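J.: Just so you know, the protein sequences line up as chains A and B, in that order. Everything in the first sequence is counted per our numbering, starting at 1 for the first residue and increasing by one. Everything in the second sequence is counted per our numbering, starting at 184 for the first residue and increasing by one.
Hints were generated in silico from the structure; no laboratory data involved. Incorrect hints may appear among the rest.
Stretch-level coverage of chain A by chain B, calculated; a stretch enters the list once three of its residues show a Cβ under 8 Å from a Cβ in chain B [as the list claims (entries may be wrong)]:
#: 1; stretch: 16-27
#: 2; stretch: 90-97
#: 3; stretch: 124-130
One side only, chain B facing chain A, incomplete, derived with CB under 10 Å [stated by the list, open to error]:
#: 4; residue: Phe-218
#: 5; residue: Leu-219
#: 6; residue: Lys-221
#: 7; residue: Gly-222
#: 8; residue: Thr-224
#: 9; residue: Gln-226
#: 10; residue: Ala-227
#: 11; residue: Ala-242
Treat the numbers as computed from the prediction; the structure is a model and nothing was measured. Every residue, glycine too, gets a C-beta built ideally from N, C-alpha and C.
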Amino acid sequence: MAKVTREMVERAGVDVEKLVELLVKNAAAELTTYYYYTILRVNLIGLQGESLKEIAEVARIEDRNHFEALIPRIYELGGRLPDDMKVFHDMSACPPARLPKDPTDVNAILKVLVEAERCAVRGYTQICNMTAGKDHRTYDLALAILNEEIEHESWFSEFLGEGPSGHFMRRGESSPFVSKFLR
Amino acid sequence: MRALTISELKQYDGRGGRPAYVAYRGKVYDVSQSFLWKGGTHQALHDAGRDLTAEINDAPHGDEFITRFPVVGELIEGPNES
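Put together the whole structure using the sequences plus the hints.
T.: In structure tokens:
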């Protein structure tokens, strides 16, 4: 634990216990989403599915990056991950992004993907709101993750025909916002 | 419809296998089946067994995340709750 780091955040008026719990829950959401997206991705087949596979893969890898980026901050603030992986899964901030009953229904898979991203957008917005102007490092991290989650949401939303995302897929490296936390 | 006071609502806190109820704008909702209310807490910040009408203003979502659950009663003022 980084003692003074935690003290500064507490003095700024943040409930550090609740913040840490929220960070752990969101880390759980990222790792479980990485797992569930692995299954969704391999089921994205056929003419419709193949066009989505690459974008689902980018979101999958970036969600794993988010998990990796969150861990140091959890421990800096005096938190820890549960010993039991099942406990970790069940405390996720977002519901499991399970494969739909009909795995050939690409639209249903897209809805699972977009709902998972929307849950993440809500979660990191909440963390940003809690930490803005108070816990600069957590805010910076949560904002970086939020930027990527918003892009994921807009990609999947675009495929659902809800409107243009306004930007393109990644060109080259993944996690343009979060990579600075992965060095 | 069943009427519950604030102190009666507190018993439905979702802990120890008890049902998880939350109140919102005078109605009581059963959130026990929600993955996001496991153990009677939601996102580490909100507890079951309480009136969330004011708390929803700080949530990063609208009230549809409460009103989608089954209504199990209405919230009434108890004798010492004014």
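J.: Quick one: which hint numbers does this structure break? Sort them smallest to largest.
T.: none
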